[in-house]
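A.B. asks: What follows is each chain in one-letter form.
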Amino acid sequence: MNALALILRREIRLSMRQAGDSAIIVLFFVLAAILFPFGVGPEPNMLARMAPGVVWVTALLAAMLSFERLFAPDYEDGSLEQLALGPAPLETVALAKAAAHWLTTGFPLMIAAPLIALLYRLPDAGYNTLLITMALGTPTISLIGTVGAALTLGARRGGVLLSLLVIPLIIPILIFGTAAIDAAIGGYPFRQHLLLLGGFFLGALVLTPIATAAALRQALE
Amino acid sequence: MNALALILRREIRLSMRQAGDSAIIVLFFVLAAILFPFGVGPEPNMLARMAPGVVWVTALLAAMLSFERLFAPDYEDGSLEQLALGPAPLETVALAKAAAHWLTTGFPLMIAAPLIALLYRLPDAGYNTLLITMALGTPTISLIGTVGAALTLGARRGGVLLSLLVIPLIIPILIFGTAAIDAAIGGYPFRQHLLLLGGFFLGALVLTPIATAAALRQALE
Amino acid sequence: MTRKQRRMNFVMLGLATLGTAAALVLTALEDKIVFFYSPTDLVTKTTIPKNQQFRVGGLVKEGTWKKPENGLTHNFTVTDLRHDIAISYKGIIPDIFREGQGVVVLGKVQANGIFRADEVLAKHDEKYMPPEVAAALKKSGKWEGGKARAE
Amino acid sequence: MKFFGENISCVRGERLVFRGLNFAVEPGGALVLTGNNGSGKTSLLRVMAGLNRATVGKIAWSDGPISDDPEKHHGRLHFIGHLDAQKPVLSVGENLEMWARLHGGTDEKIAMAIKKLKLDGFEDLPGRYLSAGQRRRLSLARLVASEAPLWILDEPTIALDEGSVAAVRALISEHRDAGGMAVIATNVELGLSDTTKLDMRDYAAGQDDIWEGVS
Amino acid sequence: MKFFGENISCVRGERLVFRGLNFAVEPGGALVLTGNNGSGKTSLLRVMAGLNRATVGKIAWSDGPISDDPEKHHGRLHFIGHLDAQKPVLSVGENLEMWARLHGGTDEKIAMAIKKLKLDGFEDLPGRYLSAGQRRRLSLARLVASEAPLWILDEPTIALDEGSVAAVRALISEHRDAGGMAVIATNVELGLSDTTKLDMRDYAAGQDDIWEGVS
Amino acid sequence: MQMLSEFLAMGGYGSFIWAAYGTAAIVLLGLLYLSLRELRATGAEIAALEANSPRRRRMDDEDGDEIK
Amino acid sequence: MIQKYANPARFNRLAATLLPWFAWPAAILIFAGLYFALFNSPPDYQQGESVRIMYVHVPSAWMALFVYTCMAISCAVGLIWKHPLAHIAAQAAAPIGACFTFVCLMTGSLWGKPIWGTWWVWDARLTSVLILFFLYLGFLALQNAFDDPARGERSAAILALVGLINVPIIHYSVVWWNTLHQPASVIKMAGPAIHSSMLLPLFLMAIGFKLYFLTLLLLRMKALMMARRARGMSMAQLHHQAAE
Ligand code: HEM
Ligand SMILES: Nc1ncnc2c1ncn2[C@@H]1O[C@H](COP(=O)(O)OP(=O)(O)OP(=O)(O)O)[C@@H](O)[C@H]1O
Ligand SMILES: Nc1ncnc2c1ncn2[C@@H]1O[C@H](COP(=O)(O)OP(=O)(O)OP(=O)(O)O)[C@@H](O)[C@H]1O
Ligand SMILES: [Mg+2]
Ligand SMILES: [Mg+2]
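Chains as they are written, first to last, in the numbering used here: chain A, 1 to 221; chain B, 1 to 221; chain C, 1 to 151; chain D, 1 to 215; chain E, 1 to 215; chain F, 1 to 68; chain G, 1 to 244.
Keep in mind the hints are simulated off the structure, nothing from the lab.
All values derive from a computational prediction rather than experimental measurement.
Even glycine gets a Cβ: it sits at the ideal position worked out from N, Cα and C.
Among the hints, a few may not be true.
[Unchecked claim] 27 Å max Cα-Cα, derived DSS-like pairs, lysine-lysine: (1) C:K61 x C:K138; (2) E:K197 x D:K118; (3) C:K108 x C:K67; (4) G:K188 x C:K127; (5) E:K58 x E:K197; (6) C:K67 x G:K113; (7) G:K82 x C:K4; (8) D:K72 x G:K82; (9) G:K113 x C:K108; (10) C:K4 x D:K72.
[What the hints assert, rightly or not] The calculated label-pair distances, taken between Cβ atoms and stated as ranges, are: (11) E:N7 x D:D107: 42 to 50 Å; (12) G:A16 x F:A44: 16 to 24 Å; (13) F:A44 x G:T69: 31 to 39 Å; (14) G:I73 x D:G28: 48 to 56 Å; (15) D:E147 x F:N52: 48 to 56 Å.
When you get a sec, could you build the whole thing from the sequences and use the hints?
C.D. replies: Next comes the structure, spelled out in structure tokens:
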């Protein structure tokens, strides 16, 4: 079995064994989305207007919370050291970690998003686009998150620093994701937004493992 | 020097030494607040309407992020064990921790809040009330957060679980905090909201250290 | 100070603080926190900003609800038995909406003084009985509905 | 003032680790716990310190069980486990001072501790620059920096070089000569004189004991 | 195939820890690092493994410096440090399997490792239930579960009971007999025969050397 | 037939009423089903463990062991 | 006395004797309640047939509060007197309470659409019930979040006690705030404001739900005790093998 498959299997096993982990991420997502009506007031029109933005922003914040523990446990218990000393290049390790993160976090978020949209009474025309943008956007977020997680490894208040690094990088995804949904609701074309999101994803797929591996090497010194 | 002062001094020294920690929390606060206009669209009217809600919700999410590392480092390096074995009751430790958390996190958030409100063009009548509600609300949030942090100490995906536990308990603060600002802007009386927030604070001041201490005892077993 | 004394002091201090907390909360609850405003509020509280959405609650005034011809736009008056406000609403009303029924409407006051509602919610009281019983009660004059929940 | 335990059983992770264990330490005495890996030495030390509860049995000083007044018990002991309670960003001096002061240590005591554990010159060095053995010595310095009659030590000589091991041995003798007591878990020979041995293997619980005698 | 280092200096935390150090290990050989706490044993081991870079100097196999092909170097070594790389929710077997497979270990090898480290019966036990010594044995099992010519061990016998120490000693001899090599840092006498000693104190850098020889 | 459909329509509230009763039934009976299944599964697990154990000790021993 | 039943075998026997006394009456009462609720009770003078939702909404709402209160008391017993059965009872009750709360939310929402004109508003009653639901979920999540099950049950117990403040808030929310939700109909000073023909199915269902809860509770407690024993046994077998 090659290193990528080994690591993927281990990550998924870990997340299965720690039962309910991704369920908790999704719950956080739902809870955070519920907070806004409290703050903003429950007027239906306004909520429907906010829906795409809130779904995307809360999904992002939920994902953000999960990044912090992406490498930290492996760093603290020496697993990362051992992975670095394994015969597989660190780039492979980085990619496997991102893939596992998406499977255990991004994917459940994608599934939960329409439910929150329902709560906010998103117009019917928006659901398809919401799903597509999430499908393109969440893997990119996972990839970018791994870079951030690796960079802040061992840093003090890593979690907050991490969010600080990752948010600016993710803003474009947020912008195009919500713009696509808004366009779909308004009946405008949104193909270009989806193309851009796809482009981001492919770009991140190639570049981020390299950056993550470099950051991990620094962290281990 | 008694235990409370000792712990406070140590916490503040730690947060000074790890330079920029509370700065990072505040930065996260600002960044998250900036995200929403991207998601929702930048109409001034709408933003002004959202201002109290967004300020409170983002302050809450920022605080939430800082809870995770409230006890975790002390737990992992054995400091918590030693604090529990000290001659001071754990309730004192819990109170000192909450106070230190507020000084290094809640207080900076309170200072930064009006700036974000400015960004969202909160009507002038709201600023005073915003400050007062934050002054009453943020210590309560710190107190409730310490309970959550102690309960989830050593749990898997502690950060997310923590948010899940703390958010429902904090929702009333959010509701009355924003309602007070909305009332102030609208010219309605808001005395009752402030009274309630004050009541919550005093109640939490007495009850949460007990719950936190109980939870910490469990964590050390 | 012995341990017992010290503990006693802490307990007293804690109880005093809790008492203060309870006092604050109870004072706050003296005036109810509003989910909606009454028509009287609209008259007495001059500060309600006309450009914002808010909720108005009260009873649908007898004889003011015209069943709309086109089937969609409803015009009626909401009263708290002291002041009235005219409402205009385009949309589907709840099933128990009728004259004398409690409602909560969400919307804005327009320039012409009419409240344009975006949402109409029906508010009903805690009484449940078969229609025959209600009719009998009404006949015997023991009926006290209507004014019940108009605050 | 005697420190003793009677009929102690301990469940960890839903398994009965040991049972029916009795011990007693007199002033000037030292109790050395030995036994295989996994025989329950660490568990017993934590129970003694009051960090874990014994599932059955009583731990007490001559003037009453520790559960009556946990704070008083804590004021009487120093516990050095595997975790070092040190912050990498605080200096050696600051790290030590915090714990010493909490237990009423004075400036002279702290200075003496630094000297006895051969940490002089490191006072202002941030904790993160310490090697494994230096870090261990800083933990042990807590024993000297404030006074407590009972020392509870879990494998105190781990990671120490020869000279330091000798220093720790001297420290323990000194403490005992002054009427202190020590409970020490170890896998290696420490070379202490006149100790009471407690072999954990004598109290091991069999497979069928899972639910027995557990309160 | 020789493994050697020439003129190595190492800076940690802005302090020159050692300098001008040379070493060489031949197949069947064992290099034992000794020296005071803080003399740089751990630092040297990490440099050898390629986790840290030497500030000056070269580390190489007969067929080239390790920096030329780090992955090849990693494929040739096992590193056991203070951290155990174990997950509390995975069973002993799963924990071991992950690392063994990564280095090409087979099922038989893994079974043998479990047996040699006296972990049989624990295969399905979650890692969280292990005591300090049991956990250490699980780390050491990696040495047997997959093959590598070079073992880099940082205080391997820490927390082990007597029987386990003997088992580790046998393991190392066996490895060397089969032509393997070992570099071991230790503060206690391990009782290995025919080793090369390297006393870190011989390469300690004086106070004035801080900036010297630093590239 | 007509009576049945009238009954099902519930004066126009049929969909709401049946959805409410349906959810309640599914959730509450589902929990019963899951509980019973769990009970059976742990029963089987214990049986397997007991078959494995050197000295048999049955769950319904008269004066079995006790957690107090 | 109760200590005695911490023995799994004895508890099993007690459960076996009690179960039929809960299960059968529960079934009978619920079926009778359903008969009256659906066939033999009048429509409301205002709400018409939709009032029939009351017969599931109100009993499950009561159960949501009742189960939480029981759970919190049981947690307090577990924390203070360290009785293991208490934690097991709380652990067994939590999913049941969560289910009742969910049913209360769903049926309330389904009732609110035709009567109020909306599925959901953020008024005090509805919001506080939603918080209750999240407290249940938080309890369950916390319970399962630890490697050591004992740690999980005690931490969750503390959470349950902290969350207990929410119960009076839910109950009095309709008094303290101007909610869209109606004030109390049944338990009020002046006697029930519900006609007796509607009160009958309501009470049948309410008592039926309570007995159903007890049935489920016993079943789940039994399963939990067995699971605990299974864990202990497998652990012991592992160690035993290892020691040999
Ligand atoms: C999602 C929406 C709803 C929620 C969460 C909810 C929640 C509750 C709760 C928690 C109670 C029990 C209160 C107590 O015992 O103190 C209750 C009682 C009740 N609810 Fe609702 N409810 C909802 C919607 C509705 C609607 C739409 C109606 C009727 C139109 C309704 C009618 C009642 C009645 C009649 C009672 C019994 C009051 C009593 O205890 O005397 N509810 N509800
Ligand atoms: N945190 C824990 N949770 C559950 N079980 C534990 C825990 N720690 C230890 N155990 C179990 O308790 C037993 C005793 O462990 P303990 O750490 O007390 O052993 P020890 O005698 O200190 O061993 P060592 O010499 O290896 O340190 C072990 O076999 C282990 O299975
Ligand atoms: N992570 C680090 N960052 C900076 N400096 C370090 C770090 N680790 C160790 N040092 C410094 O390097 C020196 C050598 O440390 P090292 O851990 O190599 O010593 P050692 O010989 O292994 O000692 P011990 O026997 O105590 O384990 C120490 O004096 C310490 O000051
Ligand atoms: Mg131990
Ligand atoms: Mg070292």
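A.B. asks: Each hint needs a verdict: does it hold in this structure or not?
C.D. replies: Against the structure, the hints come out as follows:
Taking the CA atoms of C:K61 and C:K138, the gap is near 18 Å; set against the 27 Å cutoff, the hint holds. The suggested pairing of E:K197 with D:K118 holds, with an alpha-carbon distance near 26 Å, which does not exceed 27 Å. Taking the CA atoms of C:K108 and C:K67, the gap is near 22 Å; set against the 27 Å cutoff, the hint holds. A distance of roughly 12 Å separates the Cα atoms of G:K188 and C:K127; the hinted pair therefore holds under the 27 Å criterion.
Simply put, E:K58 and E:K197 have alpha-carbon atoms about 20 Å apart, close enough for the 27 Å limit, and the pair holds. Distance check on the hinted pair: C:K67 and G:K113 sit about 21 Å apart at the alpha-carbon level, within 27 Å; holds. Of the pairs offered as hints, the one joining G:K82 and C:K4 holds, with about 24 Å between alpha carbons and a cut-off of 27 Å not exceeded. Between D:K72 and G:K82 the CA atoms are separated by roughly 23 Å; this keeps the pair inside 27 Å, and the hint holds.
Between G:K113 and C:K108 the alpha-carbon distance is near 23 Å, which keeps this suggested pair within the 27 Å criterion. With a C-alpha separation of about 12 Å, the suggested pairing of C:K4 with D:K72 holds against the 27 Å cut-off. The supplied range of 42 to 50 Å is met by E:N7 and D:D107, whose beta-carbon atoms lie about 46 Å from each other. Judged by the Cβ atoms, the range 16 to 24 Å given for G:A16 and F:A44 holds: they are separated by roughly 18 Å.
Remark: the range hint 31 to 39 Å for F:A44 to G:T69 is upheld by a beta-carbon distance near 35 Å. Roughly 50 Å separates the CB atoms of G:I73 and D:G28, a value that falls within the hinted 48 to 56 Å. Here the CB-CB span from D:E147 to F:N52 is close to 53 Å, well matched to the stated 48 to 56 Å.
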